[in-house]
Amino acid sequence: MEVKRILFRKELKLVTLLLTSMLIASASAAVYYSMVMQPDVTVSTPTIKFVQGDDWPGGSLPSDGTWVRMTLKAYPNATLTYDEPLNISNTDLSNAHTFRLRHLSISPASGSQSVSNFTFINFVIKDNTGATRALFYYNTTTDDWNLPGTTPYLSVNANTAWTLYVQTKAAAGATTSIEANIQIAVDVEE
Amino acid sequence: MAPTLLPEFFALLGIDLFLLLSLLTCLLDERFPRAIPYIFQVAALIGFGHILVSREFLAVFDEYMRFWYNFFYLVIALGNVVAVNVYFAAAQKMWTIAKAWAGIVTFPTIVISVFFVSNYGYIASVEFPMLLLQVGLVISAIVMGVSITFFLSPDLLHKLRRRKEVTQWK
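First to last, the sequence lines map onto chains A and B.
Per the numbering used here, numbering of the first sequence is gapless, rising by one per residue and ending at 190.
Per the numbering used here, numbering of the second sequence is gapless, rising by one per residue and ending at 170.
It cannot be assumed that every hint is accurate.
Residues from chain A shown here face chain B by an in silico Cβ test under 8 Å; the list is partial [unchecked claim]:
no., residue
1, Ala27
2, Met35
3, Lys73
What the hints contain is simulated information worked out from the structure, not anything from laboratory work.
Model, not experiment: these values are computed from the prediction.
Just so it is clear, CB atoms sit at the ideal spot from N, CA and C, and this is done for glycine as well.
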C-alpha cells in the first residue's frame, strides 16, 4: 500500500514525465537535425569548361565541356605549334573563377626507351589579351620525363575565355607511331 | 547558405506542445483525469514516429505532401491546447485558470506556430491565406501582451493564493 502511494505521488509522476519528455524532445530534435544536415546536390552546368579553339587538332570534347582529349602530333627535329587548340572558358556571367593545371600521369613512363623519342610537349596558358599566364612543360632527358609542377591558381574573369597554347617536338630520328599519353587535371575553384 | 525550414519542423513543434501539455496537466492533475498526461506523452511519441517515417521516405514524399501532414499534426497539437483551455472554462468553470492558461499557453503557442507557418509560407510559396495568418499573428500577439499585463499581475497571483488558502481552511 505504501509503495503504491509513493508510486502515485505527484512529484514522482512529474519527474518521470519530465525525463521521458526530455528524451522524446531531444530524440526528435536529433532526427530533425539529421534531416537539415542532409546535403542537397543539384546538377548544374560547369562554370569553367573546355571549348574547341580555332586550331582544334581533333580528339574528343563532350558538349558539357567537362573533359577533353586532344590528339596532337610531334615531328622529328621540328617544333610543331598549335596556336589555339583549346579554350578554357569561364561561363559565369558575373563572377571570376580560378583554376590550375596539375599533372596526373604520363606513358610511357620514365625509364622506358620510348621516352627518348620525344624532346618536349609544352602547354602554355594565355589569357584573353594573349599574355602568358602559366607554363606547363614536359621535356625529356634521355629516357626520363621532366614533369611540370602544378601551376598556381589562375583567376579567369567572368564571361572570359583563355587559350591553351601547345608546342611539341620529337627527337631527331624518332620512331614514327610512338605515342605519349598525358593526363592533366584541371582543378577549378567554384 | 543558411539551412531553410523543413516541413518536419511543424511536427517538432507539435511534439513540444504535446510534451508541454503533458507536464502542465501533470502539475494540475487534480483537475484532470489521471491518464491525460500519459495520453499527451503517447501523442508526442506518435509525432516522433511521424518525423522518423518522414526521414526514411524523404526521397519518396514530395515537400508539398510532407508539409501538409506535418502541419496537420501541429494543428492537432494546437487543438489540444485550445481544448484544455475550453475544458477549464466550460467544463470546470474555472475562469481564472482558463484566462491564465489562455495568456501563458494558448496564445503564445498560437503566436509561435503562426509565425513559423507564415515564415515557411514565404520561403516555400505554400498557398496559404497570408493575410489571414498575419491578422491572426497580430491578434494573438496583442492578446498575449494584454494577458501578460493584466492576467498575470501580482493581484491575480495574490487572488489565486488566497483562494487556495480558503479552500484549505474549508
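So which hints don't hold here, by number, going up? Violated hint: only 3; rest satisfied.
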